[in-house]
Amino acid sequence: MTEGDYRHVYVVIEHEDGKILQVSLEMLGEARRILNDFNKRYSSKEKVVAVLLGYNMNEIPKTLIQHGADAVICADNPELKYIRNTIYTKAISQIALDRDIAAEIEPEYAVQFKRPRYMFFTADSIGRHLSATVLAHLESGLASDINKLVVADIQLTHQNKTGGKPLIYEKTLEMYRPDFSGFLWTTILCLDNRNPSIQRDYHPQACSIIPGVFETIQPDSNRDGKIIKYVPKFDEQDLKVKIIDRKIIKSEIDFDGHKTIVSFGRGVKDSPEQNIRLVEQLATELDAQIGITLPLSKRPFSVSQTIDSTYLIPDRVIGTSGRKVSPKLYIAVGVSGAMQHIAGMKESEIIIAINPDENALIKDECDVFIKGRMEDVIPVIIEEIKRQKQDVKT
Amino acid sequence: MTLKNQMDPINTAVIVKLEPDFSEGNVSYNPDGTLNRAETKNILGPHSAIAVSAAFYAKVKYGAKIAIGTMGPPMAESILQQAQLMSNADELYLYSDRIFAGADTLATAEVLKAGIQKMQKKIDIVFSGHRASDGETGQTGPQTAWKLGMTFLGHVIDYEINLESRTVRAKRLVRIQGVYDVVEEVESPLPVFIAIDPSYKPKFNTVSQRLDYEKYQKEAVKRAQDFKQYLKVFNAAQIEADPKFIGISGSPTIVYKVERIPKGKATRQAKVIDGSNKEQIREVVTRLLQALSTMAIK
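Residue numbers (numbering that gives the first Met the number 0), protein chains in the order written: chain A, 0 to 393; chain B, 0 to 297.
There may be inaccurate statements among the hints.
What the hints assert, rightly or not - Among chain B residues calculated to face chain A with C-beta under 10 Å, some are:
| # | residue |
| --- | --- |
| 1 | T39 |
| 2 | N41 |
| 3 | A48 |
| 4 | G62 |
| 5 | T104 |
| 6 | R174 |
| 7 | V178 |
| 8 | V181 |
| 9 | S248 |
| 10 | E258 |
| 11 | R267 |
| 12 | S275 |
| 13 | R286 |
| 14 | L291 |
Keep in mind the hints are simulated off the structure, nothing from the lab.
Beta carbons: idealized from backbone N, C-alpha and C, even for Gly.
Assemble the whole structure, with the sequences as input and the hints as a guide.
See below:
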């Protein structure tokens with residue numbers, strides 16, 4: 000491989016019902032910031048390229064340019080109206096390898112172009128699977144659920160990658176991934192094998208990005224960008240996969256209709272059944288909806304069937320893996336404050352935390368921190384709410 | 000004779016994973032809050048178990064054959080036994096070789112692909128779990144599907160097979176970030192690869208299904224006691240996996256570093272209340288009730 004084989008960052012866009020998903024705009028914003036810096040430090044003509052598939056997309060390409068794309072590759076075709084993994088994977092892979100497209104993006108880099116340098120997908124129901132199959136097709140590396148990206152020249156000595164010799168990997172994308180606990184960050188790199196005995200190129204360096212972590216850029220209607228039309232080639236066999244029906248369902252858990260949300264986390268663990276009942280009582284007293292943190296949806300406790308199926312369900316998860324809420328009042332009970340959870344509730348107007356551990360991260364994210372065990376604190380609060388409500392009535 | 004006996008049988012495979020047991024009381028953490036892998040016991044991953052139950056549905060309803068495969072150390076045979084007990088599986092496969100170690104999702108998918116291709120029968124449906132509880136990437140399933148050249152259907156909450164047309168009709172739950180959820184019904188010719196959604200629950204509605212269910216469960220107990228009779232252990236050479244594409248050599252990605260996520264700047268200045276001080280709690284309650292009522296007027 001030589002340096003010029005890989006160029007640009009390709010951002011795979013998702014949209015629904017004529018609207019671009021917020022996370023796609025966030026990814027464009029981050030791609031823009033990374034490339035602005037990249038253009039200064041390395042090659043000035045590498046671009047932010049949006050990859051857009053769908054049908055009747057009208058103004059979407061223009062909006063993408065306003066939000067930071069230098070070029071939009073647009074495959075507009077009735078077969079692409081809804082996402083089907085096989086044809087989407089093949090179309091995206093064709094686009095990624097197409098030299099004619101590369102020539103339109105930047106003529107100067109076209110002759111040598113082989114593949115994108117970096118590729119971004121969304122870490123959601125669609126993008127997680129699509130990124131996996133596209134990168135299986137392109138036979139390169141993929142890091143999932145990323146919330147920080149840095150481009151750096153990295154000196155590395157690695158038994159397999161470099162055959163134990165120190166080598167410098169230039170323009171490497173450091174992909175930071177928070178682990179399931181929310182407290183550890185793993186940095187993943189996708190690197191060519193430069194060890195002569197197993198030499199192999201691995202590009203693009205790809206990742207899926209968590210919604211809600213990166214800022215969009217201020218849209219600018221004067222930004223210039225190219226819209227490149229692409230006509231995908233379909234295999235007859237692949238079109239036999241048919242979408243028969245598509246029903247939109249609203250979640251049964253309504254967070255927006257409640258002024259208060261009471262959520263609970265792993266802190267209920269000492270006696271989960273009783274503690275969740277306490278949370279339930281508090282919520283009833285405040286006419287609040289009940290939320291949970293992600294680990295709770297994995298049903299870590301044995302509780303009664305009713306509690307389990309009512310509360311320990313993905314639909315109630317607040318955070319990057321669930322819903323984003325912004326109630327007037329948010330009460331976090333036994334919630335440690337992992338960043339994935341905070342991202343889903345930080346816009347709440349007032350945040351109260353109940354937690355015995357004053358070092359818990361949630362303390363920096365709340366207005367009132369009630370230090371104590373929920374078993375002790377919640378009954379007092381309930382009693383007090385009842386009393387004060389009574390006072391108002393009389 | 001019912002239809003399911005006349006047609007060519009459906010052959011299913013399930014790929015499962017040995018995972019740390021994350022249920023409370025079983026998981027062990029280091030003092031710094033990270034997972035203590037040495038102390039945490041290993042089990043059949045919960046998402047893997049759901050995939051096994053989806054294959055069992057095909058056995059009861061369509062008389063399907065079930066083969067279960069896993070890549071892992073020799074001790075992973077215990078989860079194959081567990082999975083057989085759940086599903087009355089007909090064949091068990093353990094792909095075990097030191098050369099597989101250190102594989103990322105792409106290199107793991109390569110082994111699973113080679114392993115599934117070595118199964119005795121040509122597979123019509125492969126099931127996988129939604130994601131593993133430890134790695135949590137959810138990539139291995141779709142990547143294995145792609146390498147096998149099978150149609151990939153993710154987030155499947157329900158499915159039926161048409162034995163005559165040899166097609167699958169599946170319902171998928173797709174969460175469209177920040178917009179809404181969609182239940183999509185897809186029809187696809189076999190073979191397909193199904194990554195089963197965590198919310199999947201098989202339903203056995205007819206009397207004959209329930210009778211078959213019981214018959215298979217009884218048989219499963221016997222088979223699982225004797226599971227080694229059903230087990231084949233394969234190394235890299237035996238599944239003809241290309242050493243260039245497996246293990247560390249075949250992994251594009253590496254873990255460069257692991258660090259604690261630095262504490263961010265405090266976004267709010269918390270007032271700290273002593274939870275045992277009733278007077279202070281009273282004030283908090285007054286404040287929150289006031290806030291809620293003034294907001295109501297707005």
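Find the hints from earlier in the document that the structure breaks and name them by number, from lowest to highest. Hints 1, 2, 3, 4 are the ones this structure does not satisfy, whereas the remaining hints hold.
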